Each structure stands twice: as C-alpha cells, then as structure tokens.
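2 protein chains.
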Amino acid sequence: MFEERLKEVQDAVEAAMQAAIAAFPQSDLRDAMAYAAQGGKRLRAFLVLESARIHGLTDAQAMPAALAIEALHAYSLVHDDMPCMDNDDLRRGLPTVHRKWDEATAVLVGDALQTLAFELCAEPVLGDAAHRIELVKALAVGSGAAGMVYGQALDIAAETAATPLSLDDIIKLQAGKTGALISFAAQAGAILAGADRAPLAAYAKALGLAFQIADDILDVEGSEETAGKRLGKDADAGKATFVSHLGLAGAKARAAELVAEAVAALEPYGPGAEPLRDAARFVIARDK
Amino acid sequence: MFEERLKEVQDAVEAAMQAAIAAFPQSDLRDAMAYAAQGGKRLRAFLVLESARIHGLTDAQAMPAALAIEALHAYSLVHDDMPCMDNDDLRRGLPTVHRKWDEATAVLVGDALQTLAFELCAEPVLGDAAHRIELVKALAVGSGAAGMVYGQALDIAAETAATPLSLDDIIKLQAGKTGALISFAAQAGAILAGADRAPLAAYAKALGLAFQIADDILDVEGSEETAGKRLGKDADAGKATFVSHLGLAGAKARAAELVAEAVAALEPYGPGAEPLRDAARFVIARDK
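These protein sequence lines map, in sequence, to chains A and B.
Note that full-length UniProt numbering gives residue 219 to position 219 of the first sequence, counting from 1, and the numbers run on in steps of one.
Note that full-length UniProt numbering gives residue 112 to position 112 of the second sequence, counting from 1, and the numbers run on in steps of one.
Errors might be hidden in some of the hints.
[As the list claims (entries may be wrong)] Derived CB-CB ranges, DEER-like: (1) S166/A - T160/B: 39 to 49 angstroms; (2) S166/A - V220/B: 54 to 64 angstroms; (3) E225/B - D89/A: 53 to 63 angstroms; (4) V220/B - P95/A: 56 to 66 angstroms; (5) A285/B - D89/A: 45 to 55 angstroms; (6) A130/B - A162/A: 29 to 39 angstroms.
Just so you know, these hints were derived from the structure itself, not from any lab.
Note that the structure is a prediction, hence the values are computed from the model and not measured.
Think of the CB as a built atom: it goes at the ideal place given N, C-alpha and C, for glycine as much as any other residue.
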C-alpha cells in the first residue's frame, strides 16, 4: 500500500520535474540539471503531497511545492558532492555532476536548481498568493543560513574541530542539515491550506531526527550498491555520529522511539494521515 | 545630485544588509556572508528604489527588494570568482571569499545569499502578497537557468569554444549574465506597485546592454586599483567582446546611443524619473 503510493509519487514527480526543467533553453546546463534532479526516494515530495492531501488538496494542486523541495534537495546534493565539500564520485548510483561534467557546471547546476525551487513556489496552481509567499518564506528559512546551509557549515567545521562533536552538537547540526527541509516538506500542506502547522511540525521534528539516525545506521550497516553512494564515510573519518555515541542497538532503539512519537503527533488528522505514519515507519526501515 | 542620492542609497543598503545578515546564527558562514555582501556600487539597489519611488513607494517600503537584488548579485560574484569559474583573487578591492576562507565556504556563502534574496522578497513591508509573489517569480526567472545562470553557462562554454563569439552571441550571453538582473531591478518598483512594466522593461533592456559594453570598455581602459578587481582578462584570454567587435570608439558610440534610448524610454514618468536617467548616464561614465 505505502510502497505503491510512494511509487506513484516517484513517477509523478519524475515526469513533472523533467517537464519543468525542459522548459528552460537548451544547454549543457539544462542537461546537467535534468540529470541531477532525477531519481531519489522522493520522500520529501511524498511528505508535501500527503500533508496537502490531509488538508483536502490534490496532488495536482500541491505538485509545484513537491517539485520545489526536490529541486532544493537536488541542489544541496550537487554542491555537497563537490571536491571542496564531501568529494563524492557517486550519487543515486550515477557519477556526480562534477565528475560527469566539471566543477563549474556543478556550481551552476546547484545554483539554478535552487532558483528553480523558488520559482516553483510562485506557481499559481498552488493557490492563494498569501499562502505561496508563506511557502517561499518557509523554504528560505529552512534551507538558508539558519537552516540547511547552516547545518552544512557546522558539518564542515566539525571535520577540522579538535574534539569530536557531543550528542547535543550532532542534534543541532542535523536539525539544520536534514531536519529543516524535512520539516518544511511535512508542513507544506498546512501552509498551502492556511491551516495550523503545529501537529505536522511535531511530526516532522521527530521524523527528521529519526531520519538522520537511520542515515548513520545505514552508513555502518548498508550496502553501497543498494544505497547508490559511498558508505562508511563517517567511521573512516573518525566522525562522531548517533551510532558512535549510542551504539548500534541504542541508535536503533532511539530511532524507533522517535518514529512512535512522529506517529502519535498525527493523531488530530485521523485515518487520513496513515500514509504519513507509514512514511515515518519507512524512514527507519529503508535500505537507501 | 545623483552622486548624493547614490551615496544615500549605498549607506542605507549597507546598514540594512548587515542587519539582515546579523539576524542569522553566529558562525563563520555568517561572517563570510557579511563580508561578501558589503560594498559595491549598489546600482541594482538604486534601480529598485528609484523604480519604486516613481510609483509612490518610499525607500523603506521597497528596501527588502533592493537588498534581495544585492544579495543575489553578491552570491553570483562569490561563485563566479571561484577557481573552477573565473578564478579571481580580488573583488571590490578585497580578497575573494574562497581566498579569505576556502572554497567550501564560498559555495555555502553563495548558496545562503541566494536563499536570503528570496527570503527578503517575502518581507511583509513590501506590500500585497500578490505583488511579493510576482517579485519572487521575476527574480527567479531573471537569475535562473533562463537568465543569469544561463548567461554564465554560455560564458564558460565560450571559453572552450573553437571560434570566438559573434556579436549576436555576445548580446545573447550578456542579456542573461548581466541584463536579466538589471531588468529585474528596474522593473521591481512597477511589480511592487502592480503597475505597467513596459516602459521600465524598455529602459532596462537598453541600460543592461550599455552596462555590459561599458564593462568591456572598462576591462580595456580602467584602473585595477579603482575597479578593485582584475582587469584586462578578456584580452588576455583572447575573448570576443563588444570592444573586440566594435573597436573602442565604436563601443563607446553604441553605449551612448543605448543610454539615449534608455533615457527616452522613461518619458511616461516625467521629471520624477530623473534619477533613473542619471543612472543610465552614470553606467557609461563610471570608473568601476
């Protein structure tokens, strides 16, 4: 049931994303944007569309917001993979943009995908201008110098720090690096509907942390082939993670608790929020 | 008169920009953002504020839009200066961000300044949500894969092209690289007021081209000390420019014609548009 809905979202997002990018003038830049924005779990898009659905909005009405978060996420991966950042050769099972093209293209592709994300937030189909501008604001706050990019900067600083990060430091870092965008995605439906965001914010807070703990577990236990990216990086770099602090069993137990918290936070939405509950369970069960 | 008003704009923009950046959590990232966003001619901000003024809006009412264009411009410079792009050590008379910090910081600073630009477009003081979302749309179109970043990608492709660019190619490249944002800046006031943009669009089209021709002339005739950046780059790289196509005298004559066109396009606004006319004249008279 959940897998089918996720597949449906993946297919719809893929088609709409490629169509949005195809609207730009033909260039190597456009080809590389299409390449970088393809694939992925589309979990963030799923959260946008399902949070919209529980507020009575169809996939079609919320699709540009789902594409916006995926374009934003794709930009962050392209820049994060660059030699001066994480220096990764593989992403989603394919060569990274700077490997397939070059670093200049990677810079520009990331820049243009970020711009596309904000352009998509302005799409009239998303409804009231007041809600669309609220979406712009939330996406900017979640992804900028107090959100995702802030988390990335902390992450880079941690690599050259004299002492490993404490658990609190890691939670702060991850709240920015991955948590802020997951939080945006889960609240997008409420923003578009002009509804109370508090239950979805609570859901997202627990979900984002569970997601990152699961990522740390995957970095230790996962298969590179299935994940489509380099693993074991944190241990190789001697980096403090949830696993290094809590142990594997402790990390798994904490992630399960957080999923239970996330599921409980959705109580106000009744049975219609089941796909969001499934998404929370998926986050710690996934193998990529 | 014009110089005084430009100085007033520069001072107001500098203070407001530093205040906007100071609102982010303390970090090296924030310090580097503040560094990258300081200084500059603030010509784009001037165009925003003056186009707003002829529509009855005060500087205070339009300031976030002026900051947005300057943050966007600053992001493009930080990324453009990186080793994989133009590889410049000096900008506005100071070491570039990747020289003062490192390349990772330059990537993140550029990313965060772009995000800040869109966040600023959402500021309530700018007025109607419908106008603010239109501003977001115009900024995204002007700066993304059909605008500024498209122009930058064409510029990079030209560096490895077998034959030098034709004059038409250069005009197309520059319409993206610098023209699209100047066009946004000059139309911002009309967008915020929900007014007809056509006269300002005509003004901006001529102005943007004049600006770029003047840049090419400056690259040949200017002083590095005054400009605060490396000059003579195009000739060194054997790159086709307006000057290489038209000659110095021909380029100056064409720029002067374009300024006259820009000035004429402002006729509907009467004497209140005199600062915008002065700005057009300034664009070809400037020494940096």
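Ascending list of hint numbers which this structure does not respect:
3, 4 and 6
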